[in-house]
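Protein chains in written order, with my numbering: chain Z, 1 to 136; chain L, 137 to 272; chain S, 273 to 408; chain Y, 409 to 544; chain F, 545 to 680; chain R, 681 to 816.
Derived by calculation from the structure, the hints in this document are not laboratory data.
Check before you lean on any hint, since a few could be wrong.
[To be verified] DSS-like, lysine-lysine: derived pairs with alpha carbons at most 30 Å apart:
hint, chain 1, residue 1, chain 2, residue 2
1, R, 724, S, 392
2, S, 392, Z, 52
3, F, 594, L, 242
4, Y, 452, Z, 122
5, F, 594, L, 161
6, R, 724, L, 251
7, L, 186, F, 666
8, F, 576, R, 795
9, R, 712, L, 207
10, R, 705, L, 207
Remember, it's a predicted structure, so these values are computed and weren't measured experimentally.
Number of protein chains: 6
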Amino acid sequence: MVYLTRIENFNAAHKLYNEAWSFEKNQAEFGKCANANWHGHNYKLEVTVKGKPDKATGYFINAAELSSIIKREITEVLDHKNLNIDIDWLKGVQPTSEMICISIWKQLSPHLEGKCQLHKLKLVETPNIYVEYYGE
Amino acid sequence: MVYLTRIENFNAAHKLYNEAWSFEKNQAEFGKCANANWHGHNYKLEVTVKGKPDKATGYFINAAELSSIIKREITEVLDHKNLNIDIDWLKGVQPTSEMICISIWKQLSPHLEGKCQLHKLKLVETPNIYVEYYGE
Amino acid sequence: MVYLTRIENFNAAHKLYNEAWSFEKNQAEFGKCANANWHGHNYKLEVTVKGKPDKATGYFINAAELSSIIKREITEVLDHKNLNIDIDWLKGVQPTSEMICISIWKQLSPHLEGKCQLHKLKLVETPNIYVEYYGE
Amino acid sequence: MVYLTRIENFNAAHKLYNEAWSFEKNQAEFGKCANANWHGHNYKLEVTVKGKPDKATGYFINAAELSSIIKREITEVLDHKNLNIDIDWLKGVQPTSEMICISIWKQLSPHLEGKCQLHKLKLVETPNIYVEYYGE
Amino acid sequence: MVYLTRIENFNAAHKLYNEAWSFEKNQAEFGKCANANWHGHNYKLEVTVKGKPDKATGYFINAAELSSIIKREITEVLDHKNLNIDIDWLKGVQPTSEMICISIWKQLSPHLEGKCQLHKLKLVETPNIYVEYYGE
Amino acid sequence: MVYLTRIENFNAAHKLYNEAWSFEKNQAEFGKCANANWHGHNYKLEVTVKGKPDKATGYFINAAELSSIIKREITEVLDHKNLNIDIDWLKGVQPTSEMICISIWKQLSPHLEGKCQLHKLKLVETPNIYVEYYGE
Numbered sequence: 001m002v003y004l005t006r007i008e009n010f011n012a013a014h015k016l017y018n019e020a021w022s023f024e025k026n027q028a029e030f031g032k033c034a035n036a037n038w039h040g041h042n043y044k045l046e047v048t049v050k051g052k053p054d055k056a057t058g059y060f061i062n063a064a065e066l067s068s069i070i071k072r073e074i075t076e077v078l079d080h081k082n083l084n085i086d087i088d089w090l091k092g093v094q095p096t097s098e099m100i101c102i103s104i105w106k107q108l109s110p111h112l113e114g115k116c117q118l119h120k121l122k123l124v125e126t127p128n129i130y131v132e133y134y135g136e
Numbered sequence: 137m138v139y140l141t142r143i144e145n146f147n148a149a150h151k152l153y154n155e156a157w158s159f160e161k162n163q164a165e166f167g168k169c170a171n172a173n174w175h176g177h178n179y180k181l182e183v184t185v186k187g188k189p190d191k192a193t194g195y196f197i198n199a200a201e202l203s204s205i206i207k208r209e210i211t212e213v214l215d216h217k218n219l220n221i222d223i224d225w226l227k228g229v230q231p232t233s234e235m236i237c238i239s240i241w242k243q244l245s246p247h248l249e250g251k252c253q254l255h256k257l258k259l260v261e262t263p264n265i266y267v268e269y270y271g272e
Numbered sequence: 273m274v275y276l277t278r279i280e281n282f283n284a285a286h287k288l289y290n291e292a293w294s295f296e297k298n299q300a301e302f303g304k305c306a307n308a309n310w311h312g313h314n315y316k317l318e319v320t321v322k323g324k325p326d327k328a329t330g331y332f333i334n335a336a337e338l339s340s341i342i343k344r345e346i347t348e349v350l351d352h353k354n355l356n357i358d359i360d361w362l363k364g365v366q367p368t369s370e371m372i373c374i375s376i377w378k379q380l381s382p383h384l385e386g387k388c389q390l391h392k393l394k395l396v397e398t399p400n401i402y403v404e405y406y407g408e
Numbered sequence: 409m410v411y412l413t414r415i416e417n418f419n420a421a422h423k424l425y426n427e428a429w430s431f432e433k434n435q436a437e438f439g440k441c442a443n444a445n446w447h448g449h450n451y452k453l454e455v456t457v458k459g460k461p462d463k464a465t466g467y468f469i470n471a472a473e474l475s476s477i478i479k480r481e482i483t484e485v486l487d488h489k490n491l492n493i494d495i496d497w498l499k500g501v502q503p504t505s506e507m508i509c510i511s512i513w514k515q516l517s518p519h520l521e522g523k524c525q526l527h528k529l530k531l532v533e534t535p536n537i538y539v540e541y542y543g544e
Numbered sequence: 545m546v547y548l549t550r551i552e553n554f555n556a557a558h559k560l561y562n563e564a565w566s567f568e569k570n571q572a573e574f575g576k577c578a579n580a581n582w583h584g585h586n587y588k589l590e591v592t593v594k595g596k597p598d599k600a601t602g603y604f605i606n607a608a609e610l611s612s613i614i615k616r617e618i619t620e621v622l623d624h625k626n627l628n629i630d631i632d633w634l635k636g637v638q639p640t641s642e643m644i645c646i647s648i649w650k651q652l653s654p655h656l657e658g659k660c661q662l663h664k665l666k667l668v669e670t671p672n673i674y675v676e677y678y679g680e
Numbered sequence: 681m682v683y684l685t686r687i688e689n690f691n692a693a694h695k696l697y698n699e700a701w702s703f704e705k706n707q708a709e710f711g712k713c714a715n716a717n718w719h720g721h722n723y724k725l726e727v728t729v730k731g732k733p734d735k736a737t738g739y740f741i742n743a744a745e746l747s748s749i750i751k752r753e754i755t756e757v758l759d760h761k762n763l764n765i766d767i768d769w770l771k772g773v774q775p776t777s778e779m780i781c782i783s784i785w786k787q788l789s790p791h792l793e794g795k796c797q798l799h800k801l802k803l804v805e806t807p808n809i810y811v812e813y814y815g816e
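Next up, chain Z with everything else stripped away, as it sits in the complex (with noise of 0.2 Å):
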């Protein structure tokens, strides 16, 4: 069993915002994540899947097959969009780090399947800040 991860990067606007709260918890719960006119980041998703390598080709997926289903179903449909706003499957998510991530095993392991099996996630939100997901 050998894992192979491709990066892919996309950039978004944010915030953290509890409509069930008053302005006040959510200042208190979220600091200036919660600023009202929203921040943003350049987001980097690693996507590690694994697999046993075909002699032939020596690999069970080609790293470009793999590349071109996160574009078309992650990254290019989050790239310069707001989290909170614009993305159906991320209607009603708390925009975390955690829970897009989690949306993101969701949309993206059924276009792996048949192909290899979805092994992690890796959102990185800062240089100083990341969260890993396994799919459960």
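Here the structure of chain Z is known, so what remains is to put chains L, S, Y, F and R in place on it, guided by the hints.
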């Protein structure tokens, strides 16, 4: 003459949009950067100052003092903000990295007077795009 | 279960030296790392915690709170210090990255109890050497 | 148990090409990676070993000794070479990062026996693609 | 005047070899870089242009347009190629980073005329070696 | 004229302390950098030289030869040392990055005479602080 560079960071939302133009012209000129609901970046700001080191201290300005000034006047002001809306001194400025960099120069340089000479600003917008400005 | 990693930094001096050995044996075992007058590093500490995100906040611990704990208990304690001499909880410990990492685990984990589960520590000593520890 | 990782580098040429296939089939499968006159990469190899640190030294293997073994057995052998032609132990292997990584494991692991346990190899082919292998 | 830099990448094979010299003289001068069967690198190209930003757009050239020109004229031409053999405009050129950089300048600058002024090229060959060229 | 940069590294201990001042004045001026028992850094040194490439070799100095000179004269001398105590040519120098950079210029430039012209030194002290020096 020695050049000292201090790096600070901020995360912000913006869009490129000219209110004097039609929606279609904005789309044609700015593409995805014109997304109505904003997008954002992890900005990295490199501030380069120059001077002649003092023998007693080994520097012409303490890097910790330089850091405090940059954070107080610039990066803590811009961090987790919307660059089109939230910042007084960016009002009416198209918030490209080029224009933000020129505006930061105007804002920062008076606070360094009498301490050291501002030589260059470098603003990194994405891992693949940055701008530099020397004050003229 | 999602894994959140927060990165903090500290700069410190150390040397590798076993007082129970002769100077010659120290030289033979540790080479230039045994230099009598110390050397030092920019250490990067990656703290990975795990948990189940709350729907209301989108996380199981606020990354800003995690950062505060790491800085207060670990990186501000170690920053600009001598790891052989200055730190109570490193007394009698050979300050390799391996042993520092194990000691940081003991020091940090009680402060995360009731908030989240400490999963992994990664300590980067140079761009080419790092260690990882999972608590056992 | 602590995990120690040492990073070494090599620069090499390769192409992906299956001699049992037609030129057209190679083009269709491997795209630009099949270019007849080769292309190349700056490869970064991360070698992770595990063990229980000795109290007297603070480690289970000296990182400098680990570095010497990796360089002597792997990276100095592969550096400035053609991975399809020049290396005995890569003969008949399709030189994807996946297969190179598996071959490095076979080549390196006997030289670590009695010193420490090889845990993982990570081979970074470009800033956006890497593979990992755990020996099975 | 503001300086804008756009970064693009290509992966290529090359060797340093002077056909007018004996094998031995090539070995003595170029060492492992003269390996008969080639080696290769992940090259990173930084293109810096300068101009005066337009108030309406906030830039003097759209970074996306600059990226398209660099990719079309340079990096997609060089990517996954052999720099000694495959490129018309590198024929007869010793493919050091120094000479490649000068050749890229000649090739790229006519395509920027009337749009902006080419200021500098930086070509990164390995994490530890890069060259810069200002056109004269 | 082309500019070639070669990067080398060293890890060292230092403190900022002026023996002519009281302990209190040192604390006030240098803060945690004055810690009596030292601290340290992973320093990165970038050496930029300039010249006109020879057509036969494609360079004006072989990057491997430049690397040998830098390592022999500077980085292997400073590596794993105490910059306040261990180095003859830093005696009496306040070991800030500014002053170390000026001292390295004096030490390195005679060894490049007749080979190439030293253009710039860049010394990176932490990921957020670096200095540059052009020899005057």
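Comparing the hints with the structure gives:
no.: 1; hint: 724(R) to 392(S); in the structure: 28 Å, holds
no.: 2; hint: 392(S) to 52(Z); in the structure: 28 Å, holds
no.: 3; hint: 594(F) to 242(L); in the structure: 20 Å, holds
no.: 4; hint: 452(Y) to 122(Z); in the structure: 20 Å, holds
no.: 5; hint: 594(F) to 161(L); in the structure: 25 Å, holds
no.: 6; hint: 724(R) to 251(L); in the structure: 27 Å, holds
no.: 7; hint: 186(L) to 666(F); in the structure: 24 Å, holds
no.: 8; hint: 576(F) to 795(R); in the structure: 21 Å, holds
no.: 9; hint: 712(R) to 207(L); in the structure: 19 Å, holds
no.: 10; hint: 705(R) to 207(L); in the structure: 25 Å, holds
The structure fails none of the hints (numbered hints given earlier).
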